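Undergrad: Sequence:
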Amino acid sequence: MNKLIIIGIIGVSLAVYFSMTVFVLPEKFLAKEQFTPIPFLEVEVSSTQINLGESFRLSTFSENIGDYGDIHIVSAGFPTLSDTEEIVRIVSYDFSNSPIYIEPGEEIGAKYSGGLETVYAQYPQIEAMNRPVQPGTKFVMDFEITPNEPGPFTVYVKSIDIPHTSSSSHYPTEGQLDHQGEYVLVYTVNVNP
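According to this note's numbering, the sequence shown is numbered sequentially starting from 31.
Quick caveat, the hints were computed from the structure, so don't treat them as lab data. Errors might be hidden in some of the hints.
Stated by the list, open to error - Computed Cβ-Cβ distance ranges for the label pairs, DEER-style: (1) ILE36 to SER143: 45 to 51 Å; (2) LEU34 to ASN127: 19 to 25 Å; (3) GLU137 to ILE35: 57 to 63 Å; (4) ILE40 to ARG161: 22 to 28 Å; (5) SER112 to LEU146: 23 to 29 Å; (6) ASN127 to ILE37: 20 to 26 Å.
Note that this is a predicted model, so its numbers are computed, not measured. C-beta: ideal position from N, C-alpha, C; glycine also.
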């Protein structure tokens, strides 16, 4: 008899628990306001025209102007290069994680999917990341670039905050797409022979 009462209490408790997890808790979770980090990015290029053998500086200034975020990324891509070695040098950065170098052919995340969609890199890229990212936090990454060939030298720059909840979670929000299917700011320096 005591066993039946205990089994009945356990059965009722399990039914209440599963009812809560299926009907009540998801609704409360979905009703909770989600944080939306919003990246902002400014880029300064020291010169738009140089002679072959000279260098130029590209400085990125980024900030989270939205809510708390898990990750803040600034990325610089070099579509006219096959390798950044001896051409692109990081002079300084103040991100919590060291910048990573992405080589052509590496599998990388695409279309702001958080890694759910991937593509293979078509050109070298450098990404710096900070985690977590408080509202109002600012970051700087400074490059010295010495092109090794005359002609236009192009750099793609973008910033993404995670969680990526809307188009506000990346900067820029429109314009040219890069090899990841993500919007970028485009900077070109003419290299004279």
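Undergrad: Work down the list of hints and note, for each, if the structure agrees.
TA: Results for each hint:
no. : hint                         : result
1   : ILE36 to SER143: 45 to 51 Å  : holds (49 Å)
2   : LEU34 to ASN127: 19 to 25 Å  : violated (59 Å)
3   : GLU137 to ILE35: 57 to 63 Å  : holds (58 Å)
4   : ILE40 to ARG161: 22 to 28 Å  : violated (43 Å)
5   : SER112 to LEU146: 23 to 29 Å : holds (28 Å)
6   : ASN127 to ILE37: 20 to 26 Å  : violated (53 Å)
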